[in-house]
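Peer 1: Protein chains in written order, with our numbering: chain C, 78 to 486; chain P, 78 to 486.
Mixed in with the good hints there might be a few duds.
One copy or two, it doesn't matter: identical chains are merged, so the pair holds either way.
[What the hints assert, rightly or not] Below 16 Å or equal to it, Euclidean Cα-Cα: the simulated EDC-like pairs (lysine to aspartate or glutamate) are: (1) Lys289 <-> Glu249; (2) Lys409 <-> Asp483; (3) Lys101 <-> Glu208; (4) Lys139 <-> Glu208; (5) Lys256 <-> Glu290; (6) Lys101 <-> Asp207; (7) Lys116 <-> Asp162; (8) Lys116 <-> Asp186; (9) Lys467 <-> Glu317; (10) Lys151 <-> Glu288; (11) Lys139 <-> Asp152; (12) Lys151 <-> Asp241; (13) Lys256 <-> Asp207; (14) Lys402 <-> Glu471; (15) Lys429 <-> Glu250; (16) Lys479 <-> Glu430.
Just so you know, the hints here were simulated from the structure itself, not pulled from any lab data.
Please read all numbers here as calculations on a predicted model, not as lab measurements.
Listed below are the residues making up each chain.
Protein chains: 2
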Amino acid sequence: MDSFFPFCYSITMDTELPTIFSAKRTSFVRTSVIREILKLTVENSDILSFAGGLPNPHLLSKDILSSVMESVVKDHSRFALQYGDSSGYLALRTQITEKLTDVPWVTSDSISITHGSQQGLDILGKMFMDEETNVLLEDPVYLGALQAFSPYQPNFFSVPMETDGPNLYWLEEILSQNKIHVFYINPSYQNPSTYTWSVEKRKQIATILDEKEVILIEDEAYRYLDFLGNVYPSVSSFRERNDLTFVLGSFSKILSPGFRLGWAVVPEVYRSLFTAVKQGNDLNSNQFSQVVVSQLLDQMDWTKHLDSIQSYYYEKQKILSSLLKEYIPEAKFVVPEGGMFLWVEFPDVLQKEMMNQCLASGVAMVPGSEFSQVSKLSSYFRMNFSFLEKEEMEVGVKRIAKVYRDINT
Amino acid sequence: MDSFFPFCYSITMDTELPTIFSAKRTSFVRTSVIREILKLTVENSDILSFAGGLPNPHLLSKDILSSVMESVVKDHSRFALQYGDSSGYLALRTQITEKLTDVPWVTSDSISITHGSQQGLDILGKMFMDEETNVLLEDPVYLGALQAFSPYQPNFFSVPMETDGPNLYWLEEILSQNKIHVFYINPSYQNPSTYTWSVEKRKQIATILDEKEVILIEDEAYRYLDFLGNVYPSVSSFRERNDLTFVLGSFSKILSPGFRLGWAVVPEVYRSLFTAVKQGNDLNSNQFSQVVVSQLLDQMDWTKHLDSIQSYYYEKQKILSSLLKEYIPEAKFVVPEGGMFLWVEFPDVLQKEMMNQCLASGVAMVPGSEFSQVSKLSSYFRMNFSFLEKEEMEVGVKRIAKVYRDINT
Chain C
78 MDSFFPFCYS
88 ITMDTELPTI
98 FSAKRTSFVR
108 TSVIREILKL
118 TVENSDILSF
128 AGGLPNPHLL
138 SKDILSSVME
148 SVVKDHSRFA
158 LQYGDSSGYL
168 ALRTQITEKL
178 TDVPWVTSDS
188 ISITHGSQQG
198 LDILGKMFMD
208 EETNVLLEDP
218 VYLGALQAFS
228 PYQPNFFSVP
238 METDGPNLYW
248 LEEILSQNKI
258 HVFYINPSYQ
268 NPSTYTWSVE
278 KRKQIATILD
288 EKEVILIEDE
298 AYRYLDFLGN
308 VYPSVSSFRE
318 RNDLTFVLGS
328 FSKILSPGFR
338 LGWAVVPEVY
348 RSLFTAVKQG
358 NDLNSNQFSQ
368 VVVSQLLDQM
378 DWTKHLDSIQ
388 SYYYEKQKIL
398 SSLLKEYIPE
408 AKFVVPEGGM
418 FLWVEFPDVL
428 QKEMMNQCLA
438 SGVAMVPGSE
448 FSQVSKLSSY
458 FRMNFSFLEK
468 EEMEVGVKRI
478 AKVYRDINT
Chain P
78 MDSFFPFCYS
88 ITMDTELPTI
98 FSAKRTSFVR
108 TSVIREILKL
118 TVENSDILSF
128 AGGLPNPHLL
138 SKDILSSVME
148 SVVKDHSRFA
158 LQYGDSSGYL
168 ALRTQITEKL
178 TDVPWVTSDS
188 ISITHGSQQG
198 LDILGKMFMD
208 EETNVLLEDP
218 VYLGALQAFS
228 PYQPNFFSVP
238 METDGPNLYW
248 LEEILSQNKI
258 HVFYINPSYQ
268 NPSTYTWSVE
278 KRKQIATILD
288 EKEVILIEDE
298 AYRYLDFLGN
308 VYPSVSSFRE
318 RNDLTFVLGS
328 FSKILSPGFR
338 LGWAVVPEVY
348 RSLFTAVKQG
358 NDLNSNQFSQ
368 VVVSQLLDQM
378 DWTKHLDSIQ
388 SYYYEKQKIL
398 SSLLKEYIPE
408 AKFVVPEGGM
418 FLWVEFPDVL
428 QKEMMNQCLA
438 SGVAMVPGSE
448 FSQVSKLSSY
458 FRMNFSFLEK
468 EEMEVGVKRI
478 AKVYRDINT
C-alpha cells in the first residue's frame, strides 16, 4: 500500500517485560497498548488519534479556573499546601455525597478520595484479590481494571455482554457453578463496548448479587456523560447488601483528568482497611487538587456545565458516526447513549495488520483484543470521538477507509 | 494527674482491622498511629502536636505561586488539564536530572514521577517483594516503608543503626548469613532517628552491596534539609551496580506536600516494569501539579529558597533542643545535622502511659515503638519541630515535662 510515512510503525501487542529478578506477581503485570499508542501519537503529531480516551480540555472555563486558583492560593494555601487526611478532604467528600452519587446509605464518611478511579481499582484489588479469589468481569472489559487486578493473581471469569447489559443466562450459570467473590462492572456507556445496562437488568442483577453474597465494584467513570442528560440509577442503589457494595467515581471526565482525582464509596465495615491500604500506597491524595476541585464544584453552575459537556460529546459522536457510515458502510456499531467512544467492527480484517497499516497511514485506534481475557474480538476497534476536531476526524476516517479497502481487495 | 481536657484520649497502638472477607495479604496491612494522632490533633485544635512531619506551608512564596498558577492556566492548560505520560512530564524529569540528583548515570529517561515518594515505595514493594524476598531495613526504620512493604509479605531483617550509619559488624553478619535481596535505607537525617550516614560508611556499604548483589532502595526525602546547606553524596553514587540501584526523592519537604509529587531513579533494565506497575496503580501522576512544580523550579531562585528553608528549620531545631534541655534535662537526644525531627529518649517511662497522658494534657508526640520491627524503643519519642511556632513549642514542652514528672514521682 501507499504509505506517506517514512517508517512503518509497529506496536507489539504482547506483554514484554524483561526476565529479571522480581516478585512472582510481576509476571502478571500487563502493559497497555493504549499507552504505547498514546506515546507514539505524542511523539508524532501527524498521527490522528482515535485511540485515547482524552476529554476535551476546553470544556473547563479558564475564567472560573483562574479565579479559583487565585482564591486557593490567597485564602486556602495553609491547608492546600499541606499533607492531608488519608480519606480525603472533608468538604469535597461532602460535596460528592450531595451531588455525585445516588447510593442511599452514603455519608461523607463513606467517601474516600482516590488518585483517579484507577487507584480505587488498585486498592480494591489489593484488599480482595489473591490466588483464591474468583473475580467476574464483563466481556469485553475496561483494560485499566485488568491492569490493576492482574498483579494480585485472582482467577478471572467473564460474562458475555449484550447491548443492555450482561447475558442473564450466562451470569446465572457462572454464579451457580462457581463461588464468585467479586463482580467488577462498568454499567453506563461502558469502556470499550459503550453498552449501557437497562434499568430492568440493574434491578435483577442487584438482587442476584445480594442472594449470592457477591462483592460489587461498580465503576461509574462515565455516569454523567449521557448525551440526553439522563442519569441511570446505579446498580448499587438497588442492592440490600450495602456491606458488599463499592462504587468508584471520577472527576476526569466531568472536570479534568489533570487534577487526577476520583473517589470510592466504601461500606462501613471496610473503611479502616481501605484507608490503611491507601496510606501504604501514597499517604493521601493530592491536597491542592482536592481544594481546587471543591472550590470549582462550589462556584460553577454544575447543571449548565454538565449540559455543555453532554451536548458537545453528543455532537462529536454524531459526526464520527456519520463519517463512518459515509466512508466505511461495512463498519458495524451500536450508536451509544453516552460516553466518548464508538465500538466498531470492521468485518474481515486481521486486527494486527489493520492496526499497523493504520499507524503507517497516520491514524490510530485501539484493537479490541486488548479488552478481553477470553474473546478474540479480532475485528473490533475502539474509536474515541471526544478529542479530534471535525476536520481531523474526516481525514482520519478517510485514512482508515483506504487501509480497509487495501486489506479487503 | 490534673487533666484540663474533659476526655482521656487513648490511641490504640495495635493494628485493628476487622475480620472480614479480604485477601490474605491484608492481615499484613499496618495502620499508622501517626495518622491517628494527626486526625485527633485536627479534630481538637487545643492539642499541640510534635507528632506530624508537616513542613511549614509559609516557606513557599505566595507571590511566585500566584504568578505560576496564572501562567499555567493561561498558557499550559491544554497540557496541564489532560492525562499524561505514565513516567511523568518530560520537562520536570529533565529538571530533576539537572538539579536534584547526584547519581552519575541518570538521564531524564531514568526518572519516573510518582505520587509522593511513598508511591515509589509501594511500586518497588510490588515489583520486588513476595514471601520469598528478604528485605533488610534500618532499625529504627521509616514507618511509611513498613506500611508500603508489609502487604507484599517479604521477610524483614533489621540492622542496628549508629549515629553515623548502620553497624558494620552486624551488616556483614546479616549479609553473610542470608541472601538479602533488597536493602531499604534513609541515609540522611533519617526519619525517625535523625542519624546521618558518614561519607566513609556510604562508600564502604556501596562496595559491600555491589559484592553481594543487593538491590538498594535509597530514600532521599530529606536530602536537602541539612541545616548548614551541606549535601551528602548519595550511597547510590558510589555503586558500580547501577542496575540494582533505585533512588527515591520528594518535593514535599523542599516545595510543598500539597502537590504530592516525588520521583524515582530507575535503572534501565527495570524501567518498563516500573512504568507498567505505575499504570496499573493510577495511570499517571497529577499532570496539573507536575506542570506547576516544573514552572516553580524554573522561576524560583532555587539556591535562595533552599537556603531559607534550611535556616528556618535550623532555628526551630535549636529552639526545641534548648526547651528540652531547660525543662526536661533528663531527656536524651543527638542534635541532628538536618531534617525536621528530634529523636528523644525519656528515661524510665512506659511509652503507652506517657503517650496517653500527653494526649490528655494537650500535647502529642509519636511513640518510638512505631518505628521498629525488632527493638522495643519503649522510652523513645519522635518530636517534630517544623510545624509549631516558638511559643507553642514552649507550652508543649512544659506539658510534656509535667507528664514526665508526674509519671516519675
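Peer 1: Which numbered hints are broken by the structure, listed smallest first?
Peer 2: Hints 2, 4, 9, 10, 12, 15 are the ones this structure does not satisfy, whereas the remaining hints hold.
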